[in-house]
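Please build the complex by placing chain B on the supplied structure of chain A, with the hints as guidance.
Residue numbers (the numbering used here), protein chains in the order written: chain A, 8 to 273; chain B, 287 to 503.
Errors might be hidden in some of the hints.
For lysine-lysine, the following PhoX-like pairs were computed, each having C-alpha atoms within a straight-line distance of at most 25 Å [to be verified]:
| # | chain 1 | residue 1 | chain 2 | residue 2 |
| --- | --- | --- | --- | --- |
| 1 | A | Lys258 | A | Lys199 |
| 2 | A | Lys199 | A | Lys137 |
| 3 | B | Lys467 | A | Lys87 |
| 4 | B | Lys306 | A | Lys119 |
| 5 | A | Lys87 | A | Lys119 |
| 6 | B | Lys306 | B | Lys467 |
| 7 | B | Lys467 | A | Lys199 |
| 8 | A | Lys148 | A | Lys258 |
| 9 | A | Lys87 | A | Lys102 |
| 10 | A | Lys137 | A | Lys148 |
| 11 | A | Lys102 | A | Lys119 |
| 12 | B | Lys467 | A | Lys102 |
Now the stretches of chain B that chain A is said to cover, found in silico as 3 or more residues with beta-carbon under 8 Å [stated by the list, open to error]:
| # | segment |
| --- | --- |
| 13 | 359-370 |
| 14 | 466-479 |
If you only want the chain A side, here are some residues facing chain B, beta carbon under 8 Å, derived [said to hold, decoys possible]:
| # | residue |
| --- | --- |
| 15 | Ser88 |
| 16 | Ala92 |
| 17 | Ile95 |
| 18 | Gly158 |
| 19 | Ala185 |
| 20 | Ala189 |
| 21 | Arg191 |
Simulated from the structure, these hints should not be mistaken for lab results.
Every value quoted in this text rests on a predicted model; they were computed, and no experiment measured them.
Backbone N, C-alpha and C define an ideal beta-carbon position, used for all residues, glycine too.
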Amino acid sequence: MRNRFFVTLGLIAVLLGSLSVIGLAGTLDDILSSGELVICTELGNVPWNYQDPATGEVTGFTTELVQMYADSIGVDLVVKSFDWAGVIPALLNNKADMIAAPLSRTMTRSTKILYTEPYIIAPGVVVARKGEFASLDDLNKSGVILTTTSGSIHEEIAIANYPNATMNAVPTVADHNAALVAGRADAVFTGKFVGESTVEGNANLEVLPGFTFMDSFACAVRFDSFDLWTSFNLFMRLIKLDGRYADLYEKWFEVEWVPYNIETAN
Amino acid sequence: MDFTWRLVVQWGPQFLEGLKQTVIVFAIATVFALITGTLVALVGTLQSRVVRAICRVYISIFRNSPLLVQLFFIFYGLPFIGIRFSPVVCGVLAITLNEGAFVAEILRGTIQAIPRGDWEAGASLSLSRFQILRHIVLPQAIRDAIPSLAGQASIILKDTSVLSLIMITELTRVSGLLFNKTFDTTGYIVVAGMYIALFLIITQLSQLLEKKLRVLR
Numbered sequence: 008m009r010n011r012f013f014v015t016l017g018l019i020a021v022l023l024g025s026l027s028v029i030g031l032a033g034t035l036d037d038i039l040s041s042g043e044l045v046i047c048t049e050l051g052n053v054p055w056n057y058q059d060p061a062t063g064e065v066t067g068f069t070t071e072l073v074q075m076y077a078d079s080i081g082v083d084l085v086v087k088s089f090d091w092a093g094v095i096p097a098l099l100n101n102k103a104d105m106i107a108a109p110l111s112r113t114m115t116r117s118t119k120i121l122y123t124e125p126y127i128i129a130p131g132v133v134v135a136r137k138g139e140f141a142s143l144d145d146l147n148k149s150g151v152i153l154t155t156t157s158g159s160i161h162e163e164i165a166i167a168n169y170p171n172a173t174m175n176a177v178p179t180v181a182d183h184n185a186a187l188v189a190g191r192a193d194a195v196f197t198g199k200f201v202g203e204s205t206v207e208g209n210a211n212l213e214v215l216p217g218f219t220f221m222d223s224f225a226c227a228v229r230f231d232s233f234d235l236w237t238s239f240n241l242f243m244r245l246i247k248l249d250g251r252y253a254d255l256y257e258k259w260f261e262v263e264w265v266p267y268n269i270e271t272a273n
Numbered sequence: 287m288d289f290t291w292r293l294v295v296q297w298g299p300q301f302l303e304g305l306k307q308t309v310i311v312f313a314i315a316t317v318f319a320l321i322t323g324t325l326v327a328l329v330g331t332l333q334s335r336v337v338r339a340i341c342r343v344y345i346s347i348f349r350n351s352p353l354l355v356q357l358f359f360i361f362y363g364l365p366f367i368g369i370r371f372s373p374v375v376c377g378v379l380a381i382t383l384n385e386g387a388f389v390a391e392i393l394r395g396t397i398q399a400i401p402r403g404d405w406e407a408g409a410s411l412s413l414s415r416f417q418i419l420r421h422i423v424l425p426q427a428i429r430d431a432i433p434s435l436a437g438q439a440s441i442i443l444k445d446t447s448v449l450s451l452i453m454i455t456e457l458t459r460v461s462g463l464l465f466n467k468t469f470d471t472t473g474y475i476v477v478a479g480m481y482i483a484l485f486l487i488i489t490q491l492s493q494l495l496e497k498k499l500r501v502l503r
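The shape of chain B in the complex, shown without the other chains:
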C-alpha cells in the first residue's frame, strides 16, 4: 500500500474535478429520486387498482434488478432504439429510477404507519383525500422517514461510483486513472477519504433536519 504526497498535489485538480462531478450527479439524482419516490408512493395510495398495479410493477422491477444492469441498459441498450442521452443523464436517470423505487417503499411504509384516526379526522373536516394526504399524512410520513431517506442518500452517493463504467470521470474513475498511470494506491486512499467526508456531511445534515422537524410528544 503506497501513499505519495507528491501525487496528491500533482493530481489535486483531477481529484477536485472528480469530486465536483460526483457531487453534481449525487445532488441531482437525490432530488429526482426523492420526487419520483414521493410521487409513486402518493399515486400508490389511490383507489385505482390499475394505477396501484403499475406502481408495484415499477417498484418490483427497479428494486429487484441490479443498478449496473439498469445503467448498461440505458447507456448501451437505448441507443439501439434511437434514444441516446449523454453519459451524465444516463447515470442520473438510472440512479433516479433505481433509488426512486426504494424511496417509494420507504414512504409507503411511513404513510401506512400514520394512524387511521388522522385520516378520519381529516375526513370529518370535509377534506378531500388529496388534501388529507397533502396537509396531514405526507408531512408526518416524510418527517418519520428522514433517517431512512438519509440512508438512501448515502446509498446514492455510493451508486455514483458505478458511473465510472459509463465514461463519467467521477471520483472512483480518477483513482483508477491514477493507479493505471503510476501503479500507486494513493488515489484510492484519497478518494476513500473524500467519500467518507461526504458521508459525514450527509449524516450531519440528516441529524440537523431530524432535530428541526422533531415534534415533542
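In isolation and in its complexed conformation, chain A is listed as follows:
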C-alpha cells in the first residue's frame, strides 16, 4: 500500500516535470524564468552598440533601447558580441534570444528571422580619404576598391550600384576602417552615424555628400519567439507614445525626435 503510494507520487512528479519541458513555455517565458534577456550584436558600431573606452561598459543607442525593454519586463540584459556575419547565425542557433544591432531589413533575411518594429531611420553613406572623390559617382570606376562589413546590406548596395568598382568586404567595422586608413581600400560603405563617428576620430577622412540608400534598423527574433516579438513591439509603441523614445533619441543624437508616423521609425 505504501509502495503504491510512493510510486504514484513519483509518477505525478515526473508528469509535472515533463509538462514544463514539453514546450508549453515560449521564449519570453524562458527569459522571465532565467531572469536574462540575451542579445547578440557586433560591438564596435558607434553609436549603436560599442564598448565605452573610458568605462569599459557596453553602451549605445540600441543597447540602451533594449536595456529599457529588459528593465520593463524585470530581467537582466546579457550582451553577446559576434562578427557581423555571425550575428544572424547566433540567433538561429539559439545562442541569443534577440538580435539588437543596426540590422537592416532585407527580404532575404526576412525568410530566416522575424523583424520587430524598426527603431530608427539610418541612411547609408560612404567614407573616403579627404579630397580623393568629389561625389558618389566618382566611386563607380574600374580600379576603385570599396570595402564594408561582410554580410551587410552595404555590401549588396555597393555591388549592385557600383558595378565597375571592386568590393572587398572584411569581417568587422574595425577592419574596414583599418583598410581605409592603410590604403587597402579607397572608400567604405557604412551607416551614416557609424561613418560620422569614424570621421570624427580621423581628420584625414570625410563623408562623401549624399546617401547610398535609405535604411531603417530593427531588432529581430526567431520565428518561434512570437511572444517575445509581440511584447517588444508593444514596448516600442509605448515608449514612442510616452516620450521615453524621444528622450533616448535626443540623448544620443542631440536633436529632437520628430516622428513622421508614431507607428514607425520615421
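Same frame as chain A, but now just chain B:
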C-alpha cells in the same frame, strides 16, 4: 544544416575560382616555405654565433606568434611605413615566414639526427663543410623529414583559409559569401569536401615520395 544542390550548381564557378585561388596560394607558399626553412636550417649549422642567433630569433618570433597577427601586421601595418604589397603577396609572405620557421626546425632536427660518422666520413674525403651538407647530410635529412614536411604542407593548406580576412576570395570566403546571401550551409559542406579532397591528394603525394626515396636497410 541545409544542403541544396541548386546552390552547388549556381555557385559552381565561384567555388572553382575559390579553389583556384586556394591552390595557387598554397603551392607558392609551400615552395617558398620549404626554401626559406631549408636555407635557415642550413645557415643555422654555420659556425658563426651571430648568424645562428639571427636564425634563432627569426624562428622564435614566427613560431611563437599567431599567423593571424603576422598577417594583419603585413597587410595593415606595413603600409604605414610605405610598404604595400597586394593581398595575395601579403598572404604568401605571411605564410612563408610563419611556416618557414617550422620547416627550419624540422630540418634542424633531422640534420642533427644524421650520425656524426657521416660528417667525419665526408671530412676524411677532404670535402668542405658546405660539400658535406650538400652531398651527404642534407639529402638524408630531407628524406627523413618528408612525413613531417607533408604535415606542414597540410597546415599550410589550412592556413590559406585565414586569407579570407584580408580580401582574398579563396574557398573559405566563397562559402561565407554564399551563407551571407542565402543563410544556407551548402557552401560550408562543399568547401569542407574540397579541403578534404586536397588533403587526401597531399597525403598520397607524400606517400609516393616516401616510397620513391626510401632506402632499404
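Agreement of hint Ala92/A with chain B interface, Cβ distance less than 8 Å: OK, holds: Ala92/A within 8 Å of chain B, min 6 Å.
Evaluation of the interface hint that places Gly158/A against chain B, nearest CB under 8 Å: holds (4 Å)
Supplied contact hint for Arg191/A, tested at 8 Å Cβ to chain B: Since the shortest Cβ distance to chain B is 7 Å, the answer is holds.
Proposed proximity, Lys119/A with Lys306/B (alpha carbon, max 25 Å): Distance ~32 Å between Lys306/B and Lys119/A Cα, so the pair is violated.
25 Å limit on alpha-carbon distance, applied to hinted pair Lys102/A and Lys119/A: At roughly 15 Å apart (the allowed maximum being 25 Å), Lys119/A and Lys102/A satisfy the hint.
Satisfaction of the Ala189/A interface hint, Cβ to chain B closer than 8 Å: Status holds, d = 4 Å.
Hint check, Ala185/A versus chain B [nearest Cβ-Cβ separation less than 8 Å]: At 5 Å from the nearest chain B Cβ, Ala185/A passes the 8 Å test, so the hint holds.
Agreement of Lys87/A and Lys119/A with the hint, judged by alpha carbon distance not exceeding 25 Å: Holds - the C-alpha atoms of Lys119/A and Lys87/A are around 20 Å apart, at most 25 Å.
25 Å limit on alpha-carbon distance, applied to hinted pair Lys148/A and Lys258/A: violated (40 Å)
Pairwise hint evaluation, Lys137/A against Lys199/A, where the allowed Cα distance is 25 Å at most: holds (17 Å)
Pairwise hint evaluation, Lys102/A against Lys87/A, where the allowed Cα distance is 25 Å at most: Holds, at roughly 9 Å.
Agreement of Lys467/B and Lys87/A with the hint, judged by alpha carbon distance not exceeding 25 Å: Since the Cα atoms of Lys467/B and Lys87/A sit roughly 23 Å apart, the hinted pair holds (cutoff 25 Å).
Hint compliance for this structure: hints 4, 8 and 15 are broken, all remaining hints hold.
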